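Q: Just so you know, the sequences run in chain order A and B.
Note that the numbering used here has the first sequence beginning at 1, numbered continuously upward.
Note that the numbering used here has the second sequence beginning at 1, numbered continuously upward.
Derived by calculation from the structure, the hints in this document are not laboratory data.
Because the structure is a prediction, the values reported are computed rather than measured.
A virtual CB, placed ideally from N, CA and C, is assigned to each residue, including glycine.
Some hints here could point you the wrong way.
Straight-line Cα separation of at most 25 Å, DMTMM-like style, residue types lysine to aspartate or glutamate; simulated pairs [as the list claims (entries may be wrong)]:
id, chain 1, residue 1, chain 2, residue 2
1, A, K77, B, E211
2, B, K184, A, E15
3, B, K43, A, E10
4, B, K173, A, E15
5, A, K39, B, E207
6, A, K124, B, D145
7, A, K39, B, E210
8, A, K79, B, D136
9, B, K34, A, E90
10, B, K43, A, D76
11, B, K43, A, E4
12, B, K43, A, E90
Over 10 Å on every C-beta distance to chain B, these chain A residues come out as not near it, computed from the model [as the list claims (entries may be wrong)]:
id, residue
13, L6
14, E10
15, E83
16, A121
17, L132
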Amino acid sequence: MAEERLFEVEIISPERVLYTGSVNFVELTTSEGEIGVYKNHIPMTSVLEPGVVILHEEDEIKRAAVYSGFVVILKDKVKIMAEVAEWPDEIDKNRAEEARIRAERRLKEGGSGVNMARAEAALKRSILRLSLKENK
Amino acid sequence: MASMRDIQRRKVSIESTGQIAKAMKLVSTVKLQKARGRAESSKPYFSGMYNTVSAVLARSGNINHRFLQNHPDKKRAVIVITSNRGLAGGYNSNIVKLLTKDEEFSSDKVVLYTVGRKGKDSLASNGYEVKKDYSDIIDEPLYSDAMNISAELLRDFANGEIGEIYMAYTVFKNTVSHIPMMQKLLPVSVEDYELSEEEKLVPMNYEPGEEEVLDLIIPKYISSLIYGALVEAVASENGARMAAMDSATSNAEEMISELSLLYNRARQSSITQELTEIIAGAEAID
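When you get a sec, could you build the whole thing from the sequences and use the hints?
A: This is the structure in structure tokens:
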């Protein structure tokens, strides 16, 4: 009766539809903390933090990196709208490493609010990319 | 009657113009296909965005959010999307007319954020104030460009410099029909959206809260609208150029065939004349 537990998940970014498929369970990082969603979850719209979305398909577990977006959860469907979303094998490790160092330097130098927030977001992104790459 | 050499010269010049038009048409065709592909692949995100925002607003009724308030007394910002190059038929001038022909968008009520040099130049010469120009991005618009534009606009909106945000761009309906349109971005209005039966039955929860979700979603919604407009405008530009260059090519062909006829006639008559002269000369010697 495995089919009954499956529900649809879509990950959509402006450039493409990254993923559509059926899963048992999906893990997300929202602004309120990490959540896991099974079928028949109560309808909810929530804000996503940069993080890994873990898709538990019937016989496979997939990971995708999602930066800044939100998620709409319905009973039998989860729709993730992300401004940037990618698979681990699309991540360039060297580039992410460089970005991390750059962001850290900028944070050390200090500066005005907007630039700091930007550097912090860049640092979060690069750390996420690197961690996803290493766990693979 | 024009001399053979004059006709020949005109014919050569029209032929080379025709070749340029033909080449431009081919280039636009390729670019159009690329742009259409991009417009297609951005559709799911855009429509998902629209549905979510509309559903939030329709459910929550009249909540008093800063992105939903009207400021009719302040200046209106208009994002004007045109192209950097001409030779695209009425593509650019149609967008310009959208502003100049409308009392609501006269130059004293409006500040412009332009994408595309053609529109910027002709509106600036009409007395419009161009606050910021993003013409470099129109050749290949990225999503991050749309994010930059919307961040800038929302900052000016938050500072109270502008009260409403509009966008003038060309909707790509199909290869032959492109419609210039003025769209309102802020304050967000989605009056025509109706909740489906299913949506009415299930209440939606918002985490952290409705306001915070709106705070986050609306800037993204604006970015996605701008991005959608940019890619559609690029498709329309190339479609318009393709049509313009197509008719230019066929006009050139028509002119060339007329000129060939004239040329042949002139050639024939010059031969006849020469023959007559030779015969007359020969007769005179006898």
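Q: All hints, please: hold or fail.
A: Verification of the supplied hints:
{"no.": "1", "hint": "K77/A - E211/B", "result": "holds (24 Å)"}
{"no.": "2", "hint": "K184/B - E15/A", "result": "holds (24 Å)"}
{"no.": "3", "hint": "K43/B - E10/A", "result": "holds (14 Å)"}
{"no.": "4", "hint": "K173/B - E15/A", "result": "holds (20 Å)"}
{"no.": "5", "hint": "K39/A - E207/B", "result": "holds (19 Å)"}
{"no.": "6", "hint": "K124/A - D145/B", "result": "holds (21 Å)"}
{"no.": "7", "hint": "K39/A - E210/B", "result": "holds (24 Å)"}
{"no.": "8", "hint": "K79/A - D136/B", "result": "violated (34 Å)"}
{"no.": "9", "hint": "K34/B - E90/A", "result": "holds (22 Å)"}
{"no.": "10", "hint": "K43/B - D76/A", "result": "holds (22 Å)"}
{"no.": "11", "hint": "K43/B - E4/A", "result": "violated (30 Å)"}
{"no.": "12", "hint": "K43/B - E90/A", "result": "holds (23 Å)"}
{"no.": "13", "hint": "L6", "result": "holds (20 Å)"}
{"no.": "14", "hint": "E10", "result": "violated (8 Å)"}
{"no.": "15", "hint": "E83", "result": "violated (7 Å)"}
{"no.": "16", "hint": "A121", "result": "holds (12 Å)"}
{"no.": "17", "hint": "L132", "result": "holds (21 Å)"}
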